[in-house]
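**Q** Sequence:
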Amino acid sequence: MRAVNPALPFRLFKVLALGGTLLLSCVSAEAFAASQQQQQQWLLQQMRMGEALQRDDLVRDSLARLELIAPDHPQVLVGEIRQALADKTQAQNVAWIEQLMTRLRQQGPHSAALRQAQALIKLQSPDGLRQLQQARLLAAAGRFEEARGAFEALFGEEPPDLAMALEYWSARSRIPGQRGVVLGHVQALDRDYPGNAGVRQMLVGLLFAEDRNDEALAVLHELAGDPQASANAAEREYNYLIKLPVNARTAQAWQAFIGYYPYSPFARQATQQLALQRGLLADPAWQAGVKAKHLLEQDIATGNATAEGLLRRALKVYPEDSSLYGALGTALMRQNKYPAAYQAFSTALAKEQDTDYISKWQDLQAVTRNWMILGFGEQWNQKPT
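Residues -33 to -1, 1 to 352, numbered by mature numbering (1 follows the signal peptide of the UniProt record, and there is no 0), are exactly what the sequence shown covers, in order.
Please keep in mind that the hints were generated in silico from the structure rather than gathered at the bench. Keep in mind that the hints are not guaranteed to be accurate.
What the hints assert, rightly or not - Here are the simulated distance ranges between beta carbons:
{"no.": "1", "residue 1": "Ala333", "residue 2": "Glu124", "range": "19 to 27 angstroms"}
{"no.": "2", "residue 1": "His77", "residue 2": "Lys327", "range": "48 to 56 angstroms"}
{"no.": "3", "residue 1": "Pro93", "residue 2": "Val148", "range": "29 to 37 angstroms"}
{"no.": "4", "residue 1": "Val148", "residue 2": "His77", "range": "35 to 43 angstroms"}
{"no.": "5", "residue 1": "Tyr230", "residue 2": "Arg158", "range": "27 to 35 angstroms"}
{"no.": "6", "residue 1": "Gln320", "residue 2": "Val148", "range": "18 to 26 angstroms"}
Cβ coordinates follow ideal geometry from the N, Cα and C atoms, glycine included.
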């Protein structure tokens, strides 16, 4: 039997202990680095949130802490430049800004952060302020293509801060064919600057314009919780709901409106609308009109006469409803009853308040008139000579 060296187990223990210590050190270093990275990202987000909420104290506090843990981060340097530009009382700021710009150039002569800083500085110069004023005047005059060009002469397609982004994307959204592109950028702004009412109000307008109404309503409901934005949100949602057709879904939307905006001046009117719609939905005469419109939407020839009867029944109870007269005109026109259809469209036009529907009834009235003229011409040609 071989003798065991008594020093061997001790050496082995030392090796294992040393290996364990090194492993723990590596793990601890990685964990610390990960924690520091998370803290850095969180502080950058806090800085953007401070800008979004116009909380200068939050911006300054986040920036001060970032200067300690990530002094060379590009957005920290840009934040310091923005802060120095805002403080016009310090004469030494010009030299300090140039030092910061030098550090940015060293990191990358073509970086997005450097372009952002250059644009911020340009916007504070007399020439930059003059160009900005010109861009704003062009946008106010409705010359959006020219306004876009003036803005892009200042900062390309990269607005350097939130305020400039709102002005630039607002002008660009008014250019034909640009709304979809702008929507994507405004959604990105909403992610980068969470809680900013201006961004979300612009987002609502773009979503409504793209017929993404449910998404627009979801954003409005987020704004409902913002004391500074809830009044505007309530008005926009009320103006949207008031144009919707009476049905079960619209009634549910009015119910939700009252819950989201209980203290709004529109809450009382919304309550009245809800009561009115519930009454209409329970009324057989109103339901007759709804059924008739559904038949017309299906555009089945055999349904036109049935729709006419249902609409005449509904009009006995609701003689002031322009939509019923418009639907009646459609049912009559499809049965080649052009004089009666013309009269129905004329009545709808006289009673209509909504400008969109006024145009619709005018168009249908003109079409019916043309058919009447053609019909009279055929009758004249068929007369014996």
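**Q** With reference to the structure, classify each hint as holding or not holding.
**A** Hint by hint, here is what the structure shows:
1. Ala333 - Glu124: 19 to 27 angstroms: Since Ala333 and Glu124 have Cβ atoms about 44 angstroms apart, the given range 19 to 27 angstroms is violated.
2. His77 - Lys327: 48 to 56 angstroms: Given a distance of about 54 angstroms, which is inside 48 to 56 angstroms, the answer is holds.
3. Pro93 - Val148: 29 to 37 angstroms: With a Cβ separation near 32 angstroms, Pro93 and Val148 satisfy 29 to 37 angstroms, so the hint holds.
4. Val148 - His77: 35 to 43 angstroms: The hint (35 to 43 angstroms, Cβ to Cβ) is violated, given that Val148 and His77 are roughly 24 angstroms apart.
5. Tyr230 - Arg158: 27 to 35 angstroms: For Tyr230 and Arg158 the Cβ distance comes to about 30 angstroms; the hint holds.
6. Gln320 - Val148: 18 to 26 angstroms: violated (35 angstroms)
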